[in-house]
Amino acid sequence: MSLASVKPVASKKHTITIEGLNKSYHDHPGSGSGNGDIHYIIKDVDLVIKGGEFFVLLGPSGCGKSTLLNMIAGFISKTSGNLRVGGSDIDKPGRDRAVVFQQADSSLFPWLTVRQNVEFGLKMKKVPKRDRRVVSEQYIDLVGLTGHGDKLPRELSGGMKQRVQLARVLANDPEILLMDEPFGALDAMTRRTMQKELVRIWRQTDKTIVFVTHDIQEAILLGGRIGIMSPGPSSKISHIYDIPLTYPREVSAAEFYEYHSRIQAHFDE
Amino acid sequence: MSLASVKPVASKKHTITIEGLNKSYHDHPGSGSGNGDIHYIIKDVDLVIKGGEFFVLLGPSGCGKSTLLNMIAGFISKTSGNLRVGGSDIDKPGRDRAVVFQQADSSLFPWLTVRQNVEFGLKMKKVPKRDRRVVSEQYIDLVGLTGHGDKLPRELSGGMKQRVQLARVLANDPEILLMDEPFGALDAMTRRTMQKELVRIWRQTDKTIVFVTHDIQEAILLGGRIGIMSPGPSSKISHIYDIPLTYPREVSAAEFYEYHSRIQAHFDE
Amino acid sequence: MTWLKKKWAGLLLLWIFVLAAWQTGALLYGPEVIPGPVETVKGGVELFKDGSLPKYIGISFYRVFSGWALGSLIAIPLGVLIGKVDVIRHFAEPLLNFIRFIPPIAFITLFLVWFGIGEQSKIALILYATLFIVMMNTLTGVLSVEEDKVRAARSMGASEWQIILHVIIPATAPYMFTGVRLAMGTSYMAIVGAEMIASNEGVGYLIWNSRLFFRTDWIFVGLISLGLMGFVTDRLFGWFGRKVLWRYGVVGSTPVRR
Amino acid sequence: MTWLKKKWAGLLLLWIFVLAAWQTGALLYGPEVIPGPVETVKGGVELFKDGSLPKYIGISFYRVFSGWALGSLIAIPLGVLIGKVDVIRHFAEPLLNFIRFIPPIAFITLFLVWFGIGEQSKIALILYATLFIVMMNTLTGVLSVEEDKVRAARSMGASEWQIILHVIIPATAPYMFTGVRLAMGTSYMAIVGAEMIASNEGVGYLIWNSRLFFRTDWIFVGLISLGLMGFVTDRLFGWFGRKVLWRYGVVGSTPVRR
Amino acid sequence: GCGSSPDSTSSKARAAENGESAGTTETASEKAEKVKLNIADISSNPVLRVAANQGIFEKHGIEAKLVTFATPAEGINSLFIKQADIAWGADFPILNAVSKGEYAIIASTGNSTDLSAKQWKLYVRNEIERPEDLAGKNLSFLRGTFISYLWDEYLSEYGLEPENVKFIGQGGFDEAYIALKKGEVDAVWVTGAAMVDKFEALEGAHQLTDMSQTKVRIGSQIIAPESLIADKPDVVANFLDALDESSRFVKENPEKVADILYKEVKQPKEATLKDLSVINWNVEFTDSALDSLSRQKQYMVENGIIQQDFELRDKIKLDPLRTVFPDRVTAAP
Ligand SMILES: Nc1ncnc2c1ncn2[C@@H]1O[C@H](COP(=O)(O)OP(=O)(O)OP(=O)(O)O)[C@@H](O)[C@H]1O
Ligand SMILES: Nc1ncnc2c1ncn2[C@@H]1O[C@H](COP(=O)(O)OP(=O)(O)OP(=O)(O)O)[C@@H](O)[C@H]1O
Ligand SMILES: O=[N+]([O-])[O-]
Ligand SMILES: [Mg+2]
Ligand SMILES: [Mg+2]
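So the sequence lines, in the order shown, correspond to chains A, B, C, D and E.
Counting in my numbering, the first sequence runs from 148 upward without gaps.
Counting in my numbering, the second sequence runs from 148 upward without gaps.
Counting in my numbering, the third sequence runs from 261 upward without gaps.
Counting in my numbering, the fourth sequence runs from 261 upward without gaps.
Counting in my numbering, the fifth sequence runs from 35 upward without gaps.
Hints are supplied without guarantee of correctness; some may be wrong.
To be verified - In the EDC-like style, the derived pairs of lysine to aspartate or glutamate whose C-alpha atoms are separated by at most 20 Å in a straight line are:
(1) LYS303(E) to GLU234(E)
(2) LYS270(B) to ASP408(C)
(3) LYS297(E) to ASP310(C)
(4) LYS303(E) to GLU306(C)
(5) LYS503(D) to ASP415(A)
(6) LYS249(E) to GLU195(E)
(7) LYS134(E) to GLU420(D)
(8) LYS155(E) to GLU304(E)
(9) LYS239(B) to GLU420(C)
(10) LYS239(A) to GLU299(D)
(11) LYS239(B) to ASP408(C)
(12) LYS197(B) to ASP236(B)
(13) LYS200(E) to GLU461(D)
(14) LYS155(E) to GLU237(E)
(15) LYS270(B) to GLU284(B)
(16) LYS308(E) to GLU289(E)
(17) LYS303(E) to GLU461(C)
(18) LYS273(A) to GLU306(D)
(19) LYS503(C) to GLU302(B)
(20) LYS309(C) to GLU195(E)
(21) LYS239(A) to GLU407(D)
(22) LYS315(C) to ASP293(E)
(23) LYS303(E) to GLU299(C)
(24) LYS308(E) to ASP293(E)
(25) LYS272(B) to GLU420(C)
(26) LYS503(D) to ASP297(A)
(27) LYS276(A) to ASP320(A)
(28) LYS266(E) to ASP348(E)
(29) LYS302(C) to GLU304(E)
(30) LYS70(E) to ASP268(E)
(31) LYS343(B) to ASP415(A)
(32) LYS197(B) to GLU166(B)
(33) LYS134(E) to GLU306(D)
If you are wondering where the hints come from, they were derived from the structure by calculation, not from laboratory data.
Extracted from the complex, chain A is given alone in its bound form (with noise of 0.2 Å):
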């Protein structure tokens, strides 16, 4: 918290250039509905994300925000369009892009320790053991798990395992964060601490994050910048907010409850 409210401008080489990108499928030629018909979920979005940035990925259920964030991650082919980071087309999953998902048992290794769990990308790049604890020590202290390296995730909490996603994937040293509704499964109490701890990370490490969510205040308390997607089919980014508010926010804050009202009114009308 001692850290300067407001980041500075990270350089060039971390943005994410999304250009006229499209996602579409089939419809299913069996199912009652369709005959084949070209569904889009996704149609020409345009954006660019800066390097270190926080941006918020905003939009009611089902409205694609998924298939964006696993696009960006390489998980899923776009249908056409251009999509590249720091100058380079994505079309697989890499290093350079970590991802945090919603539900941590799926995406934890269950049967490694937290501290292997952290490790897990160092041991496939074959780093020796030695340096391997290094980083992961440094990581689990950092995301607030210290001394409980040797547990095991069903040993630990919601907020808990969801900590150590972060570390696991921190400890790759990506320049790209990738957050899909990671505290959504959290009851609100934890959910409200891990917000905070995120905050403090993005603060003390270098990253770019795109998170997202369908909370409103959540947004409001995390982005940079907002990105609201509108419902599906053929979403897309339908408006940026701007949220210069300095860190740590405060949901009480008058500003706070202007910026909610805004954002809440442009969904409900």
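For chain A, the structure is supplied; the task is to place chains B, C, D and E with the ligands on it using the hints.
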């Protein structure tokens, strides 16, 4: 919303009276830690919940909220103390006390349609089919599920399923509704809608509600009185807040913020 | 390679591959050991023409079906009972975990004594092969009914009997279905044992008896008939489950643990 | 009635009940049909004293263990392969769903040809009985590995081979374990068939051969030995899973679908 | 001996000759209810199946139900569990059965001849040219049958000790065939046309001898519970009479019998026809039958197969046989 914003005091008979209530478990003799010691979950709880009131039980995870609620429901037995509803001791579940569970998926009957779920209690009472139909229509409408009566639970969203739970218990015309974090599994937007709906339904019907949550904001949005449970073990009701705000309540109101700060402070200390 | 992913192409290739492997084996070992596809088809036609193959399939199917249906009908209530009543479960579990390792074939003599040399002893053997699978699946199903469902029913005024009828049984349906479907597989496996004794007809008899005359082509006809009978009835039953029991959460796909 | 719930009391009552039922049966049918507990114990002692029972148990255990272990070792990689490679799965699935209805006993002649009259053909029969269960369980396990885990590993830079080794296999471990444990049960069931052929020793031989001399007491000794062997090794294996594989999510309780 | 039978006298004529006891049986069978009998059989034996198929049992007042087992021995065992009333089989399982329960031999089927002994053939691997070469080899025997006895006699004839060879127990001839083919056994006794053809065609093996070259003659006997013999001697007699008629039918109508066997148990016709050319079912009881029984019993007692010795003559009840075929009982136990 056209009803008066303050509920009339209801008749005496629905009152829940709790005096010196205890619940303890023997530690497992086999497990490493304990050797048959008695472990108090709840110790010396005194509480009177008046007929027709909306009472919220607020406390951190694991403090014993569900344990207390399950004793009122008659699902688990008390270790000692008094527990009466309308003058008679509680020792087993009864039609007068309906329960709305947190997980709709585990408590609804997935093989029955919405309507059949709502008619379940009446069918057990051998009410004729035609009469059942009249009642179920009424409550399906009340919870805002008009037209969804022939769907199966799996075809509904999380919020809709909780509406089915509500309609299902209301159709039995219980005197008390016991609700254990019924909106805990819903996303933020749906949860807000359901909170509003619950207040509307409570004001339209003539029920006593005991509502368990660990979300301060939810507690203040809903409760006429809020009972704070101290963290376990041996937890009790450490304080009761009166919330004399009119319904429907708004998070952004100044008084709301005041209550929120006070209760938050209670937990932080 | 996309055409490889098409189902029909895969199936076609599969069959070509299987037939080729079979023919190679036949050439390698000679027809008296492994009859080739052609010999087998000839043997099958021979048995079909004189009416014995359809008769055998019919009679084996009748035995499998009767034993399996009866076994399931007995096992389901027993499974529910064992699951619901703790005292009985304490009795029954160790016994079940002991008996389930004893193969049906070992009971041939006993069943002959009890049920005679007619259909009954054969059906009883199939029944035995069915019983434990269905019982243990039902039992597991009953034990995994969510407590919330039972509590909900109870606080809506359901009696214990109503809870069994309206909650436990429908909630356990997918487990029963899986058990019953797995048991069908075991029943087909048990038919050879059942028709080994005191029997003049049936696919199991054909397989076992053809050894005496060294008609390996007939053995193969029998094996293929068994495989096909199993495959077809399993698919039909899966389809039935999907169509009729889907609202109980029954999915029609292949059960894993045969 | 609380004492009834005590486990030892239940077990005691169970055994008294079982013994009583058994003795009643023996009295009813006569000892040559159902030998009573006393006759059976005598028969067992007789076989034990001349050393044949321990030898038979040892040799059957050796066969069951070899076939089961080999079968599992073959089935697990095959299951992973079938699960991971779509093309192969399209080939293999219909074939598996056909063959799984053909009982091990039907392959006796074929296995004799391939593996001779020695240990190998018996072990091969057990192996066959094991193969499909383990393979299909592994396959299902591979198919149910959460996509998130694979994606996480991939975006942390794991190669496809590393994903199989470090994600798919550990995540599938509980399924493999269940399959392997269920297969153990089936192996005990198959031992009678395996020892029906070209065999002069073993518990299955004892059961089958005693029929020829109508030594029903020995048949019972054999049956009880099989049940006990199965029960004990199953418990041991469950305990092993709980102790060694618990971090992979393996629970030690009885698998349902034998 | 083989020459003494079958004679052409019809059973009816003979029954008339024998006076009132057989005569009443005849009329009783026409008027009264048919007597139900479960008869244990194996699929490759034509005599019982033809008797059932051609209505011969029915004619003799018997409602027969054939129960098919894999081996005669298993059929005999079904007497113990009261699933069969009458069974047949070779000396070996018969003796095993009568040693254990209230059963008696009611007739022999007359197989102890050179001709029938010729049908048991010894196939050996080609490297075995003389009986002495069997030393140190693997010899196959079918479990629960007389073959172990046959080996014992055969080996001792050539001065070989059982300790010098290895016996491999097997469950069926198909298994023995494969084992011989693969060299896992070196010598197999086999019978039955279908099997003999297979063994004959086997490369690497040849026929060394047959059983007629040995001292061993096995008989085949019919066995029934003593209670049945005591309570319904007339039914037993009728059964034997029917069997005799059927065995004559079998000899006279080989084609028809081959058809019946194919239709009912799927035995290939060629195999049946070959078997029929040497089949020799004669309902009788001769000295050679008694002889083979006594010798085998001695072997079984000595080898612990029969645990409690017994008096053989107590276990042979020939009264029903005498009433229908008095001149065919030539041995007096
Ligand atoms: N493989 C697919 N084939 C066809 N349609 C798909 C596929 N994957 C997703 N969809 C559809 O795309 C739409 C967007 O899905 P997506 O998961 O991206 O939404 P979301 O905004 O992440 O929703 P949520 O907030 O519920 O996570 C949905 O309507 C979904 O049904
Ligand atoms: N059957 C039991 N035996 C022993 N301890 C139990 C049992 N049931 C609950 N507990 C313990 O009682 C305490 C209170 O549990 P309870 O479920 O009532 O808490 P809660 O306030 O509802 O928590 P949450 O907000 O997570 O639902 C916990 O520490 C729990 O471990
Ligand atoms: O009858 N015998 O099989 O020896
Ligand atoms: Mg999503
Ligand atoms: Mg709770």
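Would the pair LYS272(B) and GLU420(C) pass a check requiring their Cα atoms to be no farther apart than 20 Å?
holds, 13 Å
With a cut-off of 20 Å on the C-alpha distance, tell me whether LYS270(B) and ASP408(C) pass.
Holds - the C-alpha atoms of ASP408(C) and LYS270(B) are around 19 Å apart, at most 20 Å.
Straight-line alpha-carbon gap LYS266(E) to ASP348(E), limit 20 Å:
holds, 18 Å
Please verify whether LYS303(E) and GLU299(C) have alpha carbons no more than 20 Å apart.
Roughly 18 Å separates the two Cα atoms, so the pair holds.
With a cut-off of 20 Å on the C-alpha distance, tell me whether LYS276(A) and ASP320(A) pass.
Status holds; Cα separation ~17 Å.
Need the status of pair LYS155(E), GLU237(E): alpha-carbon distance at most 20 Å?
holds, 16 Å
Next pair to validate is LYS200(E) with GLU461(D); report whether the Cα-Cα distance is within 20 Å.
holds, 15 Å
Holds or violated: LYS134(E) and GLU420(D), Cα atoms, limit 20 Å.
violated, 69 Å
Given the hint that LYS273(A) pairs with GLU306(D), test it: the Cα-Cα distance must not exceed 20 Å.
Not satisfied, since the Cα-Cα distance of roughly 63 Å exceeds 20 Å.
For the pair supplied as a hint, LYS239(B) and ASP408(C), is the alpha-carbon distance within the 20 Å limit?
This hinted pair holds, its Cα atoms lying about 15 Å apart.
Is it true that the CA of LYS503(D) sits at most 20 Å from the CA of ASP297(A)?
Distance of about 18 Å is within 20 Å: holds.
Restraint status (C-alpha distance of LYS303(E) to GLU461(C) at most 20 Å)
holds, 18 Å
Going down the numbered hints, you'll see the structure goes against 5, 7, 10, 18, 20, while the others check out.
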